[in-house]
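Undergrad: Guided by the hints, dock chain B with the ligands onto chain A, whose structure is given.
Below, each chain spelled out in residue letters.
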Amino acid sequence: MLDVKNITKIFGGLTALDDVSFSIRKREITGIIGPNGAGKTTLFNIITGIYTQSAGTIYFNNKNITGYPPEKLAGLGLVRTFQNIELFGQMSVQENVMVGLHTRSRSGIISCAFKLPGHVKEERDVRGKALHWLEFCGLSDFSGLEAANLPFGKGRMLEIARALALQPDIILMDEPAAGLNNRETNHLADIIRKIRDSGVTVVLVEHDMELIMDICDSIVVLDLGKKLAEGTPRQIQENPAVIAAYLGSD
Amino acid sequence: MSHMKKEMIKFLLFTAAVIITPLFFSGGYLMNVLVFVGINTMLAIALNLLLGFAGQISLGHAAFFGLGSYISGVLTATHGFDPWLAMLIAAIATFLMAFLLGFPILKLKGHYLAMATLGFGIIVYISLNETVGLTGGPSGLSGIPNLQISSLLFDNDVKNFYLIWTFALVTILLSTNLANSRIGRALRAIHDSEIAARVMGVNASFLKVQIFALSALISAVAGSLYAHTMTFISPASFGFNFSVELVTMVVIGGLGSIYGSLLGAALLTLLPEFLRTFQDYDIIVYGLLLIVMTMFMPGGLVRGIPGLFGALLPKRMEGGGENA
Ligand SMILES: Nc1ncnc2c1ncn2[C@@H]1O[C@H](COP(=O)(O)OP(=O)(O)OP(=O)(O)O)[C@@H](O)[C@H]1O
Ligand SMILES: [Mg+2]
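Chains as they are written, first to last, in our numbering: chain A, 1 to 250; chain B, 1001 to 1324.
Each hint can be trusted.
Cross-link-like lysine-lysine pairs, in silico, DSS-like; alpha carbons within 30 Å at most:
#, chain 1, residue 1, chain 2, residue 2
1, B, 1006, A, 121
2, A, 63, B, 1107
3, A, 72, B, 1109
4, A, 194, A, 63
5, B, 1010, A, 129
Think of the hints as simulated: they come from the structure by calculation, not from any bench.
Looking at chain A on its own, in the form it has when it is part of the complex (with noise of 0.2 Å):
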């Protein structure tokens, strides 16, 4: 569903990706793995229209989105959250949700400033709709709390919920384990989990190595800039140039 063709970036005199393809499949969970500095991060960049390429081109459902800015891909369903948390501090959490249900709602300026009819019906739903995300999300008792001054494990967790109340097809986690500790990684692979379940696409990248063997269903190693290899959990662990990588940078 998602097709990464021949993607290069450079940024000025460095290759972050050079000519990397892969396939991401439908209703699966792909792991995107690599050293730090691979071009992870990048690469997200760039299929969320972030940054732009300087080669190749990304089919989303066999559509061409080369070069469509994030609201436009939102649109179409397609999210992802940040490695450097980006939340909206001042914001409540549940106000939080309620902004990923941008695109599940159409009240303008002059619907919002009169109260239109429509508008009221409509926050009303999306209101409602941001709490059943919530509490997918196990947030339910910090609704009412700016997100700023959210733990830092429930601050990725509601990256994820307000991600997902775009109900999206796809959503793109970037190091959504990364500062969580045991027991919030496990809540977040059965979250994980379950998303997948739902029928929503997942591409995580992790340097959770437990994590990703333990919930991925096909995973692609980048290496400074390039694909190393590309397979189901078990190929990659006894793929030798993926273990040379792993053992030789660390």
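TA: Below, chain B with the ligands alone, put in the same frame as chain A:
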């Protein structure tokens, strides 16, 4: 009680307060000052929508106020238009101008946006001064007619008070609605993280332009009201100093707080009336206020004052487990 109910009660209480105010100060000089508080409230809220909600600076907002004033003034005083029609034309024309200006200018961020809006303000100010044939230049434009509803002519302070505050209250009501809606959330989201807002599907660049144009429209309406209540206008009211004063009102009251803007507008309009000594040093006082506020009360008075009380009162026992 839901948030919106609280907002509604706050609004109704304030409306009641506005309605009875002339019963106490009728005819006095204060009535005249309160008319300006109403106009400045509209302007501060207009700027707050842009600065406090969307997080985009404008150092040229006095220009939109001036454009509204002068379009209304010239159309009525020189060309004999009906004042209400002139006001409508001023609002639409200023809105469209801001809309077109918004596309290139709001691509800029931070200091660059500040410089660009500052430049725009200066251009409008100089144009008002230099196009003497049209505006009357530095010596101003007089003979602007009052607004009128059938036989009711708005020609004294009490009538103007009710006229202006009707507009100010509508501005407060609509802005509060907007703030607590899908659009208000999208604006605040842009403020906190533009990139995350976009990933959530918010068309940030277009929404910024829309809110910039809306802000200009409210400022233009305030400008028309100003022209028709004063009956005389001159460019001096629409210069850089006033743009800075507007920013000061918004920051003092509290970025992103509608009632904060009301408070900021009231303070900065009333204070100089009592402290005549400000007169020539106003811009210095605004500068100092801005520095002090951003250093010690970055949330503005509406958040700062309760915070101050909170700090003075004994600490409540809340969730002290973690670090205790
Ligand atoms: N905006 C940028 N400008 C210049 N260089 C960049 C930029 N973004 C990333 N890079 C460089 O590109 C390379 C890949 O970075 P990227 O953030 O994609 O790595 P990563 O795989 O996500 O690493 P990590 O696991 O540490 O998050 C790095 O060398 C980084 O310094
Ligand atoms: Mg990264």
